[in-house]
Amino acid sequence: MLGLNARDLQILLLVAILTMFAPFFLNPFPVDSSLAQFNAGYPDLMQRFVIFGIFAIGFNILFGLTGYLSFGHAAFLGAGSYAAIWMMKLLTMNIIPAITLSIIVAGLFSLAVGYISLRRSGIYFSILTLAFAQMSYSLAYSVLTPITGGETGLQPKSNDPRILDGALEPGEQARASLFGMEMSSSYELVVSGWVFTFNVGYYVAAFLMLVSFYASIRIFRSPFGLMLRAVKSNQNRLGYTGVSARPYNLAAFVISGMYAGLAGGLMVAMDTQAGAERMFWTASGEVVLMTILGGAGTLIGPVLGAGMIKYMENIISKINQSVLESWFAWAPDFLQDFIVAVIYPFVGKGWHLTLGLMFMLVVIFLPGGLMQGIGKIGALFSRKKPNDRDSVAGSTPAAAE
Amino acid sequence: MSNFKDFTRRRVIKSGAAAAAAASATPYFFTNAALADAHAGYRNAPQGDTVTLGFNVPQSGPYADEGADELRAYELAVEHLNGEGDAGMMPTFSSKALKGNGILGKKVVYVTGDTQTKSDAARASARSMIEKDGAVMITGGSSSGVAVAVQALCQEAGIIFMAGLTHSNDTTGKDKKANGFRHFFNSYMSGAALAPVLAKNYGNDRKAYHLTADYNWGYTTEQAVKESTEALGWETVAAVKTPLTQTDFSAYIAPVLQSGADTLVLNHYGGNMVNSLTNAVQFGLRDKQVNGKDFQIVVPLYSRLMAKGAGANVKGIFGSTNWHWSLTDEGSKAFVKSFGTKYGFPPSQAAHTCYVQTLLYADACERAGTFNPCGVVEALEGFEFDGLGNGKTLYRAEDHQCFKDVLVVKGKENPDSDFDLLEVVEVTPVDQVTYAPDHPQMRDGDGNVVPVGTCNPGA
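Keeping their order, the protein sequence lines are chains A and B. Going by the working numbering, the first residue of the first sequence is number 581, and it counts up by one from there. Going by the working numbering, the first residue of the second sequence is number 7, and it counts up by one from there.
Derived from the structure by calculation, the hints contain no laboratory data. Beta carbons are placed, not taken as given, at the ideal position from N, Cα and C, and that holds for glycine. Mixed in with the good hints there might be a few duds.
Stated by the list, open to error - Listed next, the stretches of chain B that the computed footprint assigns to chain A, with coverage defined by at least 3 CB atoms under 8 Å from CB atoms of chain A: (1) 128 to 138; (2) 158 to 166; (3) 213 to 224; (4) 246 to 254.
Between the sequences and the hints, there should be enough to build the whole structure, so can you do that?
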């Protein structure tokens, strides 16, 4: 069905179920409980999960399949964002033209960058992409301030032309919408102590992520995908057999750039603001982390990695000292102070430290990423001995899926 | 897992049609009103006996020091509002609406977030405070880019935004919003307050060379200082932009001497200013004689944390600041005392403005009798107050900017301690720094005046 084998269809359906019912899964704790701190089922974070999932899925097509490690993908995300916000300022607040243009612009931009960068491989390729991304960032931050808004970034203003939309009523806000359905509107389901939020924007983004995920499965399973894997295993040998790898690499680069553009466009659609710092090199590094943390070359891995990092960034970083103190209020004072002093460096502004430790543990003990961990756990409970074909992730990043 | 082979095309289409029918029925539910308490008529109306405020400050990144000080001030403000501690500035505040029993009888609780001094991160953190924690007001920040971004978000979401440290004209100029308020002063006021003092000390025929941090705040500050000093007869030789990430400014300092300029204006903030000033002093600029005059350096926006970073290099250098802990009015004294008792050192201007903003918000809620953003906006617009450290102050209705006296300060020649690095040279009266709401520096790129708009309660 859908051109997928049973195994891939299972994965796709699993992802579909997880994304569609995410508002339930992510809000497991009642709002009044002290564990509500760990609830992640609010629109902003759910949107981020799927948007960065798309970004990582696209990055994985390049890195997971060809092995080319790009350190400049945030530039395409940023280019997509700027394209989207300009569509919203000039044409309409409907997100369809915005997202379409963001994919096109990011595709063209990645074509130009890829055409030049792919002349080199390995570390030189990484450095070239990094240089391009930093150049784009600097341009956006200062030189191109009239187009990008510089440090302040761009937001829709009430006096923008927006030629397809009618003029705004006085006091009316320009809001991103899909044929009248506003991205920010939500329906809240209250079930005794639990509150589940169903947000329009989230479901739009989740739908697009499913489409992206499906496209990525098809690419993984296609002859084209096989060719990309061949590039990863030995590009020279491929050359000796008379195949030029460059067009394949460039195609993979542009495809992943377009995924990044889609993610950038969606970011603007969900939160109408574009700024230069989402092109900064740390943002490019973040998607590398997501992919490796989840499992490079696996299908779901990058999405998991993206979710993991965004969860830490948004939930762990908000645990401050007073929250900790309230958790351990039951303990005697000296014990409370001790526990808080031990934990505090790892939460709140120290979330980077926790993330770094986790990343180290994963890379050392699970080089195949979280997917390898899941595969191992699965193998523990499974009666039949898993073979390579059936395990969720391979034992090494190279032998994935 | 079950067998998916009997998942035929026909069955999928059938179930898909059912799903589509269900989906077309659902948009009816998706209304913004669902977000707001139906009875209150505004977003995140406080439930129960607490009210949640969101403190969104930089905890990492270049302004983490300021952010930490802001957070201290917020914690202090929450204590005082809840009737704990020594009440700080509440007794000196001219409005007596606050009773020390929280806000409108509800105990104040707070959530914190890290802006990382990035607009995206700041907005993400503000959105989580609004969507997850139900914050009814967001405040904080130490950068104009972040302030503008978060202010726009709050306007859209129907939440009040009380800006922290933000000095760019744009926050209450071309990017002003009805739900946003700024107590801190701005670039225009710095220029207007500094220029006369500079002219008095250095003469009217100076040639100035500007080094400007290459981002929005830098631009508005350069423009403000340039226009104010040129009005008094100064000449601007050159204005060079420096990247925000620059740490070594030697390459920018060397050309200054060849340019024939006799004054260097450093439109830098934070670490930038510490480095550029240190470089300039190391190059011996201050010992030079140009055009028969002593070479001088000016730093338009000073903070105590920056002065500390630059050390002895700040001696004798003029700049402006929003507030300084050595002020001797009752409000400042009370605030310094209660901050010092709790933390052991005097507060910075960032801490002061954040503390004051929290009190002003709480007071506005009390006077309005509601947390409804529209009520708060009405209570704050045109509100005149005193006793919060800056003398008589007006929250102007047209742009939600506070108008108050501006301090011109100078690096102290013989500091007594690490905190006593600046001395107040002059308190520039408010009339001298007041401008019309449609002043050219407050207009957008096309020269249009941006109105403040109408409040948004989010429902």
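(message) Of all the hints numbered above, which does this structure not satisfy? Sort the numbers upward.
(response) Failing hints: none at all.
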